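Asker: Just so you know, the sequences run in chain order A and B. Going by the numbering used here, the first sequence opens with residue 1, and the numbers climb by one from there. Going by the numbering used here, the second sequence opens with residue 1, and the numbers climb by one from there.
Read the hints as simulated data drawn from the structure, not as lab findings. As the structure is a prediction and not an experimental result, all values here were calculated from the model. Careful, some of the hints might be misleading.
To be verified - DSS-like, lysine-lysine: derived pairs with alpha carbons at most 25 Å apart:
1. B:K13 - B:K45
2. B:K128 - A:K116
3. B:K137 - A:K116
To be verified - Away from chain B, derived, C-beta distances all over 10 Å, residues of chain A:
4. L20
5. N23
6. N31
7. V56
8. F77
9. W115
10. Y151
Cβ coordinates follow ideal geometry from the N, Cα and C atoms, glycine included.
Here is what each chain is made of, one letter per residue.
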Amino acid sequence: MEVDKYSIAPPNEIDIAEGLRINSLIAASQNPIPDPDSWIDEEIRRNVLVTSVDYVVDWARSRSLFPLMFGLACCAFEMIGVATSRFDISRYGMDIFRWSPRQADLMIVAGTVTWKMAPAVRRVYDQMAEPKWVIAMGQCTISGGPFRESYSVVPGVNRIVPVDVYVPGCPPRPEALIYGITKLHKKIVKGSIKKA
Amino acid sequence: MTTALSGEQVAKKIEKASPGAVEAADKTSVIVTSESLLKAAEFLKNAPELDFNYLRDLTTVDYINFFEVVYHLVSLTHNHSVVLKTRCYDRDKPAVPSVTSLWRAADFAEREAYDLMGIVFMGHPNLKRLLLWEGFKGHPLRRDYL
């Protein structure tokens, strides 16, 4: 039986472009992006100048987070559970999950991120308007989880986007995600408009 | 409940229709040579007393010495099933004929088998990677992939 007589279909332009995009992203993200930590010393650094403006702005920002739904695997169901009436994140002013990145300022990445999905994650993050935050939800998103050594899974979403809050669990209970959201609130309150 | 036909009985029928096609047969499955796979599959589909009109699953197994392609065939009219297998011993260029001309369901299944196991299905209309991206090196479900 001759293999050469019928060979594999020639790849079309879209496939080649996608492959190049993924391969270049893999090459570019061999090391994790350091977590944003400039907010840690912020309380000491800011003294008088724009304190009360900051107070109002941070209060407004942290109380009206609009989350972007990025459910990729089973963690998504716990995230949906957070939005339902039992856990009800509307209490935190997070009203509805937005499906458009342009209307959202918090991306909850819930589930296993594969390299084929990674360009989409990155693009959606880039499309979100500043200021923006990212919650990595679940073991797979944080570090790749059980699939860390796999050929197709991103070992931690922090290779692709900077992460503000990690919510561990497999999957995390809705309470854990709410705890992570309150932690994010505390972090946003420490931010300053000086740096935006 | 679908009745699983004995592989030996089905093998006898295949052997009668195309002599030399059957490599081995046991109670659960029929193993045909890869050269006569298309003929055997055509016979299984078109013979009125067998009438396997539905390909339920197509998978591959890496036995290191050879690859095995497994076809799960079901007849919706007679409500019976059989497991058809074929082997390819060439590890560098494994190739079996495509059955997309008989069952359209084989299209994506064969693309997946090519993607993950590297088996070339000859005569497939659009054989390219299904799950992984273009430019991925190797075929990850092979035993020697690391």
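Asker: Against this structure, judge whether each hint is valid.
Answerer: Going through the hints against the structure:
no.	hint	verdict
1	B:K13 - B:K45	12 Å, holds
2	B:K128 - A:K116	16 Å, holds
3	B:K137 - A:K116	14 Å, holds
4	L20	7 Å, violated
5	N23	5 Å, violated
6	N31	21 Å, holds
7	V56	47 Å, holds
8	F77	23 Å, holds
9	W115	7 Å, violated
10	Y151	5 Å, violated
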